[in-house]
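J.: The listed protein sequences derive, respectively, from chains A and B.
Per numbering that gives the first Met the number 0, residue 0 is the first one in the first sequence, and the count goes up by one each step.
Per numbering that gives the first Met the number 0, residue 0 is the first one in the second sequence, and the count goes up by one each step.
Bear in mind the hints are in silico, worked out from the structure with no lab data behind them.
Glycine residues also receive a C-beta, built at the ideal position from the N, C-alpha and C atoms.
Just to be clear, a hint being listed does not mean it is correct.
What the simulated footprint calls covered on chain B by chain A, stretch by stretch (three residues with Cβ under 8 Å from a Cβ of chain A suffice, anywhere in the stretch; the number is not a length) [to be verified]:
id: 1; stretch: 17 to 25
id: 2; stretch: 173 to 187
id: 3; stretch: 228 to 237
There are 2 protein chains.
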Amino acid sequence: MASELAALLQEIMDIESVSGNERELADLVEARLSGLDHLEVFRDGDCVVARTGLGLGERVVIAGHLDTVALLDNLPSRYEERPEGDVVWGRGACDMKGGVAVMLRLAEEITEPSRDLTWIFYDHEEVDAARNGLGRLSRNRPDLIEADFAILMEPTSAQIEGGCQGTIRVELVTTGTAAHSARAWMGVNAIHALAPALDTLAAYVSEEIEVEGLVYREGLNAVGVSGGVATNMIPPSAVLSINYRYAPDKSADEALARIEAWFPGYELHVTDSSPAARPGLDRQLAREFVTAVGAEAHPKYGWTDVARFSELGVPAVNYGPGDPSYAHRADEFCPVADLDTCAAALRRFLS
Amino acid sequence: MASELAALLQEIMDIESVSGNERELADLVEARLSGLDHLEVFRDGDCVVARTGLGLGERVVIAGHLDTVALLDNLPSRYEERPEGDVVWGRGACDMKGGVAVMLRLAEEITEPSRDLTWIFYDHEEVDAARNGLGRLSRNRPDLIEADFAILMEPTSAQIEGGCQGTIRVELVTTGTAAHSARAWMGVNAIHALAPALDTLAAYVSEEIEVEGLVYREGLNAVGVSGGVATNMIPPSAVLSINYRYAPDKSADEALARIEAWFPGYELHVTDSSPAARPGLDRQLAREFVTAVGAEAHPKYGWTDVARFSELGVPAVNYGPGDPSYAHRADEFCPVADLDTCAAALRRFLS
C-alpha cells in the first residue's frame with residue numbers, strides 16, 4: 000500500500016504545478032475521478048470538486064491545494080531509502096502533494112462511505128489570498144463547500160492540528176514636524192513618538208488561551224519599522240508595522256479592539272486581517288475523527304485555509320502527511336509512512 | 000556704496016559656480032586681485048588666497064566659499080525693490096556670494112589695514128567634507144591659513160555667530176533571532192530591543208550650555224530607523240540612527256562618551272563626526288571685532304567651516320550678509336542693506 004501511494008505521489012509531483020500552472024494536474028485529477036459512478040465531479044477554473052450523493056445526512060469535506068511554491072532545482076521527485084524510513088523527496092512532497100495523493104487514492108477507493116464526502120482539489124493557495132481557489136469556489140459555488148466537518152490535508156506530520164490562530168497586521172503611524180537637526184526644538188521627532196508603542200511591545204508577555212481543550216499561544220510583534228528622511232533632519236513621520244497572532248476565542252474585530260487598547264492615541268491602519276478558526280473539537284464528528292485517527296489534537300499556531308471553513312460555520316482540522324517545518328524548503332520531503340498512516344486513519348473514519 | 004556692492008554681487012552670481020564648476024569665478028577673483036600691489040595671491044585648485052604682508056604682528060583671515068548648491072531655475076540674478084528694502088535675488092545671493100562680494104570689494108579697497116589680512120575664496124563647500132577646498136588648503140598650505148582670528152562670511156543676517164556646535168552621528172544596532180511570527184517565541188525581536196533607546200531619546204531634555212558668554216543648545220535625536228524583513232517574520236536586526244549636536248565645551252571624544260553613557264549595552268557605530276568650535280570671544284581680537292561690528296554675539300547651532308579654524312587653534316566667528324534660513328532655497332536672496340552693513344563693519348575693524 001505504501002509503495003502504491005508513494006508512486007502516486009511521485010506521479011503527481013512530476014507534473015509541475017507552481018501557482019498559476021495547475022491546469023495539467025487539475026486535468027489529471029478530473030480525468031481520474033470523472034469516470035467513477037460514486038462521484039459527481041465539478042470544475043471551477045483549476046479547482047476540481049468530487050462529491051458522493053448518498054443522502055447520508057452528514058457530509059465531510061476533505062480539501063487540499065494542487066499548487067506549490069517555485070522550484071528550487073528540486074524536481075523531478077526522488078524515492079529515497081533513509082535510515083529513519085523511506086521518503087519521497089522534491090518540490091511539493093511536503094506541501095502538500097502527499098495529502099493530495101492520499102485524497103486522490105481514497106476518493107477513488109471509498110465507494111461506500113459512512114457519511115457523504117466532498118473532495119476539493121484547489122488552486123492558488125501559495126499566493127495572495129485574493130486569488131485563492133478555495134475562496135473563489137466559496138464565492139462561485141458556496142453549496143459545494145457546505146459540510147458538517149472539514150479536513151484540510153496540509154502537512155501536520157499526521158497529527159491533528161485543530162483550528163488556526165488569526166492574524167492581523169496594523170501600521171502604527173506617527174507624525175511630527177520636520178526641522179534641521181541642529182535646531183531640533185523647531186521640530187517634533189516622529190521616531191521618538193514610537194517609544195511608548197515599543198515599550199508596550201517589549202513588555203508584552205505571550206498569552207496562552209485554551210479553546211475547546213487546545214492551548215493556543217498568542218504573539219504581538221513589531222515586524223517592521225521605518226522613519227527618517229535625511230541624516231540632518233528631524234523625522235516628520237515614522238511607521239511601525241505590528242502583527243498580532245491571536246487564539247480562536249476572538250473575532251477579527253475583537254483582535255483589532257485589543258490592538259487599539261494596547262496602543263491608545265496612535266493612528267492605526269489595518270493592512271491585513273485573517274480571522275482565526277475554532278478547532279471545532281466539541282462537535283460529534285470531530286470527536287469521532289480524533290478517535291479514528293487515534294492521535295492527540297494540537298493547536299495550529301499559523302494561519303491556514305481551515306479559517307475559510309470556519310467562517311462558513313464548518314468546523315475544520317488540519318491533518319496530513321509531512322513535517323510542516325520542511326514546507327517551502329528546497330529539501331522538502333514526505334515520509335512514506337506518513338502517507339500510509341493518514342490513508343489508514345481516513346479510511347477508518349470515512350468507511 | 001550699496002548699489003556698487005549689489006552690482007558686484009550680481010556679477011558674481013551670474014557666473015554660475017555650482018560645486019565642481021568654480022573655475023571661472025576663481026579665475027575672476029584671481030585676476031582682480033593679482034594686479035594689486037598690496038596683495039600676494041596664491042592659487043590651490045579653485046581656491047584663491049590673497050594676503051597682505053605688512054608685518055603687523057596680528058593676522059586676520061576672512062574666508063568664504065565660491066560654490067553654490069544646484070540651480071532651481073534661479074539664475075540669472077535679479078535686483079528687486081521690496082517694501083522691506085531692496086534685495087538681490089537668485090542662486091547664491093544668500094549662501095554665500097553676498098559675503099564673497101563684500102570680501103572681494105574690501106580686499107581691493109583696504110590697502111593699509113590695521114592688521115595683516117588673508118582673504119580666502121575656496122571651492123567645494125556644499126559637498127561632502129572630504130572635497131572641501133578649505134580642508135584641502137589646510138593640508139597643502141597650512142601656513143596660508145595661520146592667523147590670530149578668522150571671520151567666515153557665511154550668512155548670519157549681519158549678526159555675529161560665535162563658534163559652532165559639533166555633530167556626531169551613530170548607528171545603534173540591535174540583533175535578534177529570525178522566526179515565523181506565528182511562533183514568535185522561537186525568535187528574538189530586534190525592533191523591540193530598541194525600546195530602551197527610544198525611551199532615552201523621548202525623555203531627553205535639550206541642555207543649554209554657556210561657553211564664553213554664548214548659550215548653546217544641544218540636541219539628541221533619532222534621524223532614522225529601520226528594521227524588518229517580511230511581514231510574517233520576527234525581525235533579526237534593526238538600526239536606529241542618532242544625531243547628537245553638542246556645545247563647543249566638548250571634544251568629539253567627549254561627545255561620543257556621552258552617547259555611550261546614554262545607550263549602555265548597545266552596539267554603536269560612529270558614522271559621522273565633526274568637532275565643535277569654541278567662539279573664541281575671550282580673545283582680544285574677537286572683542287575688538289564685536290565692538291567694531293556693534294552687534295551682540297549669538298551662538299551658532301549648526302556646523303560650519305569655522306570648526307576647521309578652531310581645530311588649528313584659530314578663534315573664528317560667522318559673520319555675513321543674508322538670512323541663513325533662506326540658504327539653499329529656490330527663492331534665496333540677500334538684502335542690499337546687509338551688504339552695506341557688513342562692509343562698513345569690516346572696514347571699521349580692519350582699517
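J.: Would you mind marking each hint as holding or not holding in the structure?
T.: Here is what the structure says about each hint:
1. For the stretch 17 to 25 of chain B, the proposed coverage by chain A is not satisfied: 0 residues have a C-beta within less than 8 Å of a C-beta in that chain, short of the threshold of three.
2. Under the rule that three or more residues need a Cβ within less than 8 Å of chain A, the assignment of the stretch 173 to 187 of chain B holds, with 6 such residues.
3. Coverage of the stretch 228 to 237 of chain B by chain A holds [criterion: at least 3 residues with CB-CB distance below 8 Å; count 7].
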